Amino acid sequence: MLNIDYIAHHNGLQKVAAGQKLLLSIGALLIVTVSRNNSVALWTLLVMSSVIVFYAKIPLKAYVTLMLAPLGFSLAGIVTIVVSISFTNEVNTDMLWHLFTPFATLYILPSDVDRAINIFLVAFSASSCLYLLILTTPIYEISPILLKCKVPTIVIELIELIYRFIFIFLQASMQLYTAQQARLGYKSYKMSFQSLVLLISVLFRSIFFHYEKMTLAMKSRNIEHFIIPDVYLLKKKWQRLPLILFIVYVFVAIGLIFV
1 MLNIDYIAHH
11 NGLQKVAAGQ
21 KLLLSIGALL
31 IVTVSRNNSV
41 ALWTLLVMSS
51 VIVFYAKIPL
61 KAYVTLMLAP
71 LGFSLAGIVT
81 IVVSISFTNE
91 VNTDMLWHLF
101 TPFATLYILP
111 SDVDRAINIF
121 LVAFSASSCL
131 YLLILTTPIY
141 EISPILLKCK
151 VPTIVIELIE
161 LIYRFIFIFL
171 QASMQLYTAQ
181 QARLGYKSYK
191 MSFQSLVLLI
201 SVLFRSIFFH
211 YEKMTLAMKS
221 RNIEHFIIPD
231 VYLLKKKWQR
241 LPLILFIVYV
251 FVAIGLIFV
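Residue numbers (our numbering): 1 to 259.
Where hints are given, some of them may not hold.
Claimed, not checked - Below, simulated DSS-like cross-link-like pairs (lysine-lysine); rule was C-alpha separation at most 25 angstroms, straight line:
hint : residue 1 : residue 2
1    : 148       : 236
2    : 15        : 219
3    : 219       : 57
4    : 190       : 15
5    : 15        : 57
6    : 237       : 57
7    : 150       : 236
8    : 15        : 187
9    : 148       : 235
10   : 150       : 61
11   : 15        : 236
12   : 237       : 150
13   : 187       : 237
14   : 57        : 235
15   : 148       : 237
As the list claims (entries may be wrong) - Label pairs and their calculated CB-CB ranges:
hint : residue 1 : residue 2 : range
16   : 38        : 236       : 32 to 40 angstroms
17   : 60        : 19        : 24 to 32 angstroms
18   : 42        : 101       : 31 to 39 angstroms
19   : 192       : 33        : 38 to 46 angstroms
20   : 84        : 238       : 44 to 52 angstroms
21   : 154       : 42        : 34 to 42 angstroms
22   : 168       : 10        : 16 to 24 angstroms
23   : 167       : 241       : 42 to 50 angstroms
24   : 19        : 104       : 46 to 54 angstroms
25   : 118       : 50        : 20 to 28 angstroms
By construction, these hints were calculated from the structure, which means they are not laboratory data. On a predicted model such as this, the values are computed, not experimentally measured, just so you know. Here a beta-carbon is modelled for each residue, glycine too, at the ideal position from N, C-alpha and C.
Could you build all of it, start to finish, from the sequences and the hints given here?
This is the structure we're talking about:
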């Protein structure tokens, strides 16, 4: 998690305009979620993964590791879709599998399997679209675009604050956990529980302390909001290759929808 912000600042797409990357990722996300087509989902996953690994030059190991999180959530979610429960002894002839128990019957229908596969592919490919944006675009480059799209300032500031304090929270927790381990704070169940309680309390105090310091620093510099004005950001021109890539992606996706 701590490497995501570093990767967003050091990748092969860092010279590409943030609006162009936003168009590619959010455009693909809308297409795959609205169409809900298995072929479009696979095509989207292929394109997004190829752009991330080969164009943005994100390490394959880092990308695969990050994709394990949505993979786990997707697999856990489709289990409840595939497996149905009936409290009667009626047997459906279309069942692919069933298990009788004294209290209920567990069974799987072909239609549920098809629906689960579709949901899994759509969710997994949508995750790759979001990772393209997260891994190639720093948050301070996205905020001015959201401001131009008339997103309320308070919403943008909340996004930036949450994003910043996630990393502060993780860094502080890693440092505190390492310090506790060095002092044998987790050598027994009792000490582990006590150390965990202490870790949580210190973390919350640390976050509030960082927030107070940041607020005082902003007030001393007469800064009213967290959004960096567009004039202070490096101007990046729209490039031809990402635009061609997006057009090709859209045309192929439309073709797959109507095939």
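Hints, one by one, checked against the model:
1. 148 <-> 236: Holds. Residue 148 to residue 236 sits at ~16 angstroms (cutoff 25 angstroms).
2. 15 <-> 219: Roughly 33 angstroms between the alpha carbons, so the hint for residue 15 and residue 219 is violated.
3. 219 <-> 57: With a Cα-Cα distance of about 39 angstroms, the restraint between residue 219 and residue 57 is violated, given a limit of 25 angstroms.
4. 190 <-> 15: The given pair, whose Cα atoms are some 52 angstroms apart, is violated under the 25 angstroms limit.
5. 15 <-> 57: Measuring from Cα to Cα gives roughly 13 angstroms; hence the hint holds.
6. 237 <-> 57: holds, 20 angstroms
7. 150 <-> 236: holds, 21 angstroms
8. 15 <-> 187: violated, 49 angstroms
9. 148 <-> 235: Holds, at about 16 angstroms.
10. 150 <-> 61: violated, 37 angstroms
11. 15 <-> 236: holds, 6 angstroms
12. 237 <-> 150: holds, 22 angstroms
13. 187 <-> 237: violated, 56 angstroms
14. 57 <-> 235: Holds. Residue 57 to residue 235 sits at ~22 angstroms (cutoff 25 angstroms).
15. 148 <-> 237: holds, 17 angstroms
16. 38 <-> 236: 32 to 40 angstroms: Holds, since residue 38 and residue 236 (Cβ atoms, about 35 angstroms apart) stay within the stated range.
17. 60 <-> 19: 24 to 32 angstroms: Since residue 60 and residue 19 have Cβ atoms about 27 angstroms apart, the given range 24 to 32 angstroms holds.
18. 42 <-> 101: 31 to 39 angstroms: holds, 37 angstroms
19. 192 <-> 33: 38 to 46 angstroms: holds, 42 angstroms
20. 84 <-> 238: 44 to 52 angstroms: holds, 49 angstroms
21. 154 <-> 42: 34 to 42 angstroms: holds, 39 angstroms
22. 168 <-> 10: 16 to 24 angstroms: Cβ of residue 168 to Cβ of residue 10: about 21 angstroms, so the range 16 to 24 angstroms holds.
23. 167 <-> 241: 42 to 50 angstroms: Given range 42 to 50 angstroms: violated, Cβ gap about 31 angstroms.
24. 19 <-> 104: 46 to 54 angstroms: The hinted range 46 to 54 angstroms holds for residue 19 and residue 104, with Cβ atoms some 53 angstroms apart.
25. 118 <-> 50: 20 to 28 angstroms: Holds, since residue 118 and residue 50 (Cβ atoms, about 22 angstroms apart) stay within the stated range.
Comparing the model with each earlier hint shows violations of hints 2, 3, 4, 8, 10, 13, 23; every other hint is respected.
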